[in-house]
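Asks: Residue numbers (the numbering used here): 22 to 569.
Worth flagging that the hints you see were computed from the coordinates, not collected in a lab. Careful, some of the hints might be misleading.
[To be verified] In silico lysine-lysine, BS3-like type, Cα no more than 25 Å apart, as pairs:
1. K393 <-> K566
2. K566 <-> K508
3. K403 <-> K393
4. K508 <-> K393
5. K157 <-> K90
6. K566 <-> K403
7. K353 <-> K337
8. K337 <-> K157
9. K403 <-> K508
10. K508 <-> K337
11. K138 <-> K223
12. K274 <-> K337
13. K309 <-> K223
14. K142 <-> K309
15. K223 <-> K310
16. K353 <-> K274
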Amino acid sequence: MPSDRHWSGELNLDAARTQGPSGGGSGLASFLMGDVSRFERYVSNALDASETQNRLFFFAQDQWRVTSKLTVNYGLRWETYRPQRVNAPGNGGFLNMETGEALVAGRDGVGLDLNVKTSNKLFAPRLGIAYQLIPKTVIRTGYGRGFNLGVFGSIFGHNVTQNLPILGIQSVQPANNFDAVFMLNNGPQPLDSASILAAQRKGPNGKNILPNGVTAFVITNPIRFPTVDAWNFTIQRQLSSTSSAEVAYVGTKGTHTFAGIGGDYNPNQADINGFGTTTTNQRKPFFKKFGWSQNLRYYGSDASNNYHSVQMRFDKRFSGGFNVMSHHTFSKNIDFDGTYYPRDAKPARGISNNNRAHVFFLASLYELPFGKGRAHLANAPKALDFLVGGWQMNGTWSYMSDQPFTPSYRDCNADRDTGWCRPNLVGDFTVNNPGQFGWFRTAAAPLTANGQTDGPWQLPQRGRFGTVGRNAIVGPAFGQLDMSFFKTFRFNERHSVQFRAEAFNFTNHTNLANPNACVDCPGVAEHIFGAFPSYVPRQWQMALKYAF
22 MPSDRHWSGE
32 LNLDAARTQG
42 PSGGGSGLAS
52 FLMGDVSRFE
62 RYVSNALDAS
72 ETQNRLFFFA
82 QDQWRVTSKL
92 TVNYGLRWET
102 YRPQRVNAPG
112 NGGFLNMETG
122 EALVAGRDGV
132 GLDLNVKTSN
142 KLFAPRLGIA
152 YQLIPKTVIR
162 TGYGRGFNLG
172 VFGSIFGHNV
182 TQNLPILGIQ
192 SVQPANNFDA
202 VFMLNNGPQP
212 LDSASILAAQ
222 RKGPNGKNIL
232 PNGVTAFVIT
242 NPIRFPTVDA
252 WNFTIQRQLS
262 STSSAEVAYV
272 GTKGTHTFAG
282 IGGDYNPNQA
292 DINGFGTTTT
302 NQRKPFFKKF
312 GWSQNLRYYG
322 SDASNNYHSV
332 QMRFDKRFSG
342 GFNVMSHHTF
352 SKNIDFDGTY
362 YPRDAKPARG
372 ISNNNRAHVF
382 FLASLYELPF
392 GKGRAHLANA
402 PKALDFLVGG
412 WQMNGTWSYM
422 SDQPFTPSYR
432 DCNADRDTGW
442 CRPNLVGDFT
452 VNNPGQFGWF
462 RTAAAPLTAN
472 GQTDGPWQLP
482 QRGRFGTVGR
492 NAIVGPAFGQ
502 LDMSFFKTFR
512 FNERHSVQFR
522 AEAFNFTNHT
532 NLANPNACVD
542 CPGVAEHIFG
552 AFPSYVPRQW
562 QMALKYAF
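Generate coordinates for the entire structure from the input sequences, incorporating the hints supplied.
Replies: Listed below in structure tokens is the structure:
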């Protein structure tokens, strides 16, 4: 029983319903009028539908020591994923987006696997080479391919037992973004997932066309598998008997990946071209073909991504029980966002939402030089050694550079009903000493006329996306110091107690979230109102551990 949409229904009351010629509007005002902008819910009476999928994995691997300095590791993996099958006729469905027909498992020549094809050519080679250049320097390099199972629904689940005739995903969308789909006092049209297909017209192959207002999960046929190619080149060097360094280039290339992070996108998204002269529905590709106004959920696995990085590591063991380990990564991650991807992938490509150009990690361990066997107070009385000897202090400092975000503007609903909400960038948005109440340059007042310029921002023309790129601005960096203090009180050889005091965010440094991305919203533009999601104020925790 899926829970993505509430079975009682989810009402959306949008500001666009009550906006004026220059934008504005309020969702609360739409609610007070009783005008529902969009409606979605799940409807089903089936409780026994399920799917299974057989997967077979074979691999061979070998290691060849070519010389005393050169070792080669190589292998090959073969993966086979059979099409998923439902447990009985009628317990699953599949949408053919070419013909618009809804196929039902086990009926009218459709198998329990819904006639989906798979690939038997999923070969994943891997190669690793280690070479000792000189006694204290080793070179390592490697390459490998893997197949990502993705998210639930991309190659298994969702897309058969959560379609008609088992599950009806009612999705009622307006003809225009300012229209209502029904009044609250009237409610939505009823939907019977078991019978609605039979009432639809037939397609070219004699199957019923998917009805308007019902969303379908769709995968490719044949199945398209997300693929990752990864490689690295590393030089490791022993600098001394107590220190070592490492420099590596690490890269990955994703093929047949997701656009965005959700796994699916809506191939029936309206095109921006024609906004203002045609309805939203008229600009949806499947409305023209089959009369569908609803969203579809397509696991296309047809995007790509790439990651490149330089990774450096340095370890040092000092005298007196002091050790340091450090790691620095300089990287760039590029992918596609799913916002307008099915209509135009170019503005969807950019720096990944989770990209951080620099990540630095420093960890240290220090055994304090006091007490028996240490540099200071080595001959201290037993009682004094019991209190001050054997302390250990550990510290971990983490630093991550800023995360990017995409600027938006206040009244974009008046200029577009689909895709991006981006202004034009016509100047320099940077400020000196960005902070919580001023992270980037904004407009002095709301932009109200198309073509109006204020500061570095310009209101785009209606039916056009602004020129500022995806994730064009970066927000605050993240830094945190964690500390811990250990002390073991040893009573005799058999009994001891360890005291632990751990401090998270020891300096109580506030890590801010990204600012409000709106460039012309009075009172909130460029301001930061929250903390980083994983931020915690300084926290102490203490514990005693008894060993016997």
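Asks: Now, for every hint given, state plainly whether the structure supports it.
Replies: Here is what the structure says about each hint:
no., hint, in the structure
1, K393 <-> K566, "holds, 22 Å"
2, K566 <-> K508, "holds, 10 Å"
3, K403 <-> K393, "holds, 9 Å"
4, K508 <-> K393, "holds, 13 Å"
5, K157 <-> K90, "holds, 12 Å"
6, K566 <-> K403, "holds, 22 Å"
7, K353 <-> K337, "violated, 28 Å"
8, K337 <-> K157, "holds, 15 Å"
9, K403 <-> K508, "holds, 15 Å"
10, K508 <-> K337, "holds, 23 Å"
11, K138 <-> K223, "holds, 24 Å"
12, K274 <-> K337, "violated, 34 Å"
13, K309 <-> K223, "holds, 17 Å"
14, K142 <-> K309, "violated, 37 Å"
15, K223 <-> K310, "holds, 14 Å"
16, K353 <-> K274, "holds, 12 Å"
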